[in-house]
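S.K.: Letter by letter, the chains look like this.
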Amino acid sequence: MIRFIAALLFAVSGFMWGNSKSMQFKRKVEVCVQLDELLRFFDMRIRYRCDDVYEICRELDTASFSSLTFISLLPVDYSPCVDFHEAWCSAVTSQDELGDEEKNLLVRFGNVLGTCDAEGFHTAVEALRAELDILSSRRRDEYRTKGRVCRSIGPMLGIVAGLAVI
Amino acid sequence: MNRSAYEVILDYMPHKLRNAMELVSTSQRSGLSEIRIRSGRPVSFFCEGTSLFIDSNGKCTERKNALTADYEDICRIVENLSRHSLHSCTRQLRQGVFVIEGGIRVGLAGTYTDSAEPVIREVNGLNFRIAREVKGCAEPIGSVLLNSRRGMLICGGVNSGKTTLLRDLCRIVGNCEKVTLIDERNEISALVCGTPSNDVGAFTDVICGISRYSGIISAIRTLSPQFIFCDEIASDEDCGAILSGHGCGVRFAATIHAENYEELMKRRVGCRLISEGVFSDIVFLGGKAGHIREVRSLT
Chain A
1 MIRFIAALLF AVSGFMWGNS KSMQFKRKVE VCVQLDELLR FFDMRIRYRC DDVYEICREL
61 DTASFSSLTF ISLLPVDYSP CVDFHEAWCS AVTSQDELGD EEKNLLVRFG NVLGTCDAEG
121 FHTAVEALRA ELDILSSRRR DEYRTKGRVC RSIGPMLGIV AGLAVI
Chain B
1 MNRSAYEVIL DYMPHKLRNA MELVSTSQRS GLSEIRIRSG RPVSFFCEGT SLFIDSNGKC
61 TERKNALTAD YEDICRIVEN LSRHSLHSCT RQLRQGVFVI EGGIRVGLAG TYTDSAEPVI
121 REVNGLNFRI AREVKGCAEP IGSVLLNSRR GMLICGGVNS GKTTLLRDLC RIVGNCEKVT
181 LIDERNEISA LVCGTPSNDV GAFTDVICGI SRYSGIISAI RTLSPQFIFC DEIASDEDCG
241 AILSGHGCGV RFAATIHAEN YEELMKRRVG CRLISEGVFS DIVFLGGKAG HIREVRSLT
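Chains as they are written, first to last, in the working numbering: chain A, 1 to 166; chain B, 1 to 299.
Because the hints were derived from the structure by calculation, they are not lab data.
Built from N, CA and C at the ideal position, the CB exists for glycine as well.
It is possible that some hints are incorrect.
Said to hold, decoys possible - Example chain B residues on the side facing chain A (calculated, C-beta under 7 Å, incomplete): (1) D11; (2) R36; (3) L86.
To be verified - Beta-carbon label-pair distances, calculated as ranges: (4) B:I210 - A:E142: 53 to 59 Å; (5) B:R41 - A:E59: 39 to 45 Å; (6) A:N104 - B:R41: 36 to 42 Å; (7) A:A130 - B:S214: 53 to 59 Å; (8) B:I210 - A:V107: 46 to 52 Å; (9) A:Q24 - B:G107: 53 to 59 Å; (10) B:R132 - A:G99: 54 to 60 Å; (11) A:Q24 - B:T195: 48 to 54 Å; (12) B:K16 - A:G99: 20 to 26 Å; (13) A:S79 - B:G209: 25 to 31 Å; (14) B:D55 - A:S66: 51 to 57 Å; (15) B:R293 - A:E86: 29 to 35 Å; (16) A:C50 - B:K16: 28 to 34 Å.
Let the sequences and hints guide you as you build the complete structure.
M.R.: Set out below in structure tokens:
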């Protein structure tokens with residue numbers, strides 16, 4: 001009986017491991033979707049409202065970007081002691097869940113933010129969105145292929161381990 | 001807490017310059033009228049007509065030991081002035097001036113873009129000008145304007161105090177009558193976040209950031225002022241707008257660049273406005289800045 005329960009537990013934990021691995025790939029896809037929304041969010045507010053970066057960051061705080069937790073670390077008020085670009089960069093790099101490529105893209109976006117006129121900014125955002133599009137489709141492919149592998153291998157390993165215990 | 005103009009300016013400085021400027025003594029800070037920062041050249045302070053250089057310890061020094069600003073410093077200051085949002089400062093970059101807390105005007109020198117509406121791009125110099133209101137300097141002419149049936153023209157040369165006098169006149173009249181101030185370059189009211197840094201009167205509406213012509217037309221159509229104040233009238237367009245306002249019964253107070261009556265009559269705008277009867281009094285400034293030399297009545 002104990003062996004049977006242990007085997008069952010192995011099978012369940014294998015399933016859960018596979019599922020959680022697959023969810024990691026899914027989260028990367030969600031991050032890309034939200035990054036695209038973030039770029040459009042800034043683009044719209046800069047092109048049509050000429051908001052300054054602090055006003056936009058204040059609005060971001062109330063918007064729903066659940067996968068981009070670094071947003072809560074961004075400065076929302078001007079302070080002579082805080083360099084916005086440095087603050088942006090350190091906020092982005094502090095979010096461990098972001099992949100290196102996503103971080104790199106966000107840091108480059110932060111460097112452009114507020115350093116040119118609205119048209120120049122729009123052009124830069126379009127270029128970054130094109131890059132993000134490629135990254136996004138790669139993340140979707142990863143989720144589709146590697147996620148599926150994890151979902152099937154996890155339970156399989158669990159069952160094998162369970163059988164071995166029996 | 002009210003901060004001094006010097007402390008406000010320090011907020012915009014990069015670390016290198018700020019560290020030195022924080023060490024400047026209180027006595028040197030008082031009487032300061034300008035701080036000039038130029039790329040690759042020494043930071044200079046203008047204090048009661050004389051220029052001074054400071055070293056990295058904030059002490060007065062000779063030019064060869066002076067604290068020098070570089071292009072990076074200038075870029076950082078411009079970033080701070082725009083609050084890291086150059087895209088929202090197109091107007092300031094077009095006019096080459098920022099107005100910050102306390103009515104401090106920051107003039108920019110640099111290269112303008114070659115576009116239909118040129119904006120400054122590579123800034124190589126900055127001039128922080130500390131604004132000084134001289135309340136009461138227009139007291140002798142305030143009642144003259146309030147009691148006249150037409151307007152008043154203030155004439156003077158460069159640095160004669162025309163704008164200072166107009167600002168105080170606006171304060172006096174704006175506390176009694178409905179006034180619209182056309183402040184094209186935000187020099188008179190020094191609006192910061194929509195609130196005037198200078199006292200321009202309780203009943204004064206401020207139109208800022210558009211041409212005098214458009215401002216005058218807009219004021220006449222929408223704000224029903226009894227008086228319109230505008231600085232440095234110069235073009236035929238300004239003249240046309242003032243004439244149409246005069247036709248609607250609005251009284252004008254304006255400044256124009258002219259040292260004396262003869263010079264004023266040589267200027268097409270001045271000559272035409274006087275011949276059309278827009279102004280009943282002309283004020284001439286001279287001697288030291290803001291000194292009223294003569295008030296000539298045309299009635």
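S.K.: Confirm or reject each hint.
M.R.: Consistency of the hints with the structure:
1. At its closest, the beta carbon of D11 of chain B sits 4 Å from a beta carbon of chain A; the interface hint therefore holds under the 7 Å criterion.
2. Restraint check, R36 of chain B versus chain A: the minimum CB separation of about 20 Å is more than 7 Å; hint violated.
3. The criterion of a C-beta within 7 Å of any C-beta in chain A is met by L86 of chain B, whose closest approach is roughly 6 Å, and the hint holds.
4. Take I210 of chain B and E142 of chain A: their Cβ atoms lie about 54 Å apart, and the range 53 to 59 Å holds.
5. The supplied range of 39 to 45 Å is met by R41 of chain B and E59 of chain A, whose beta-carbon atoms lie about 41 Å from each other.
6. About 38 Å separates the C-beta atoms of N104 of chain A and R41 of chain B, a value consistent with the hinted range of 36 to 42 Å.
7. For the pair A130 of chain A and S214 of chain B, the beta carbons lie near 40 Å from each other, so the given range of 53 to 59 Å is not met.
8. For I210 of chain B paired with V107 of chain A, a C-beta distance near 39 Å fails the hint of 46 to 52 Å.
9. Between Q24 of chain A and G107 of chain B the CB atoms are about 55 Å apart, so this pair conforms to the stated range of 53 to 59 Å.
10. Look at R132 of chain B against G99 of chain A: about 56 Å separates their beta carbons, and that is inside 54 to 60 Å.
11. With their beta carbons about 51 Å apart, Q24 of chain A and T195 of chain B fall inside the hinted range of 48 to 54 Å.
12. Judged by the Cβ atoms, the range 20 to 26 Å given for K16 of chain B and G99 of chain A is violated: they are separated by roughly 37 Å.
13. Take S79 of chain A and G209 of chain B: their Cβ atoms lie about 27 Å apart, and the range 25 to 31 Å holds.
14. Checking the proposed 51 to 57 Å range against D55 of chain B and S66 of chain A shows it holds: the Cβ atoms sit about 53 Å from each other.
15. Taking 29 to 35 Å as the suggested C-beta distance range, the pair R293 of chain B and E86 of chain A does not conform, at roughly 55 Å.
16. In this structure, C50 of chain A and K16 of chain B meet the distance hint of 28 to 34 Å, their C-beta atoms being roughly 31 Å apart.
Violated hints for the displayed structure, listed by number in ascending order: 2, 7, 8, 12, 15.
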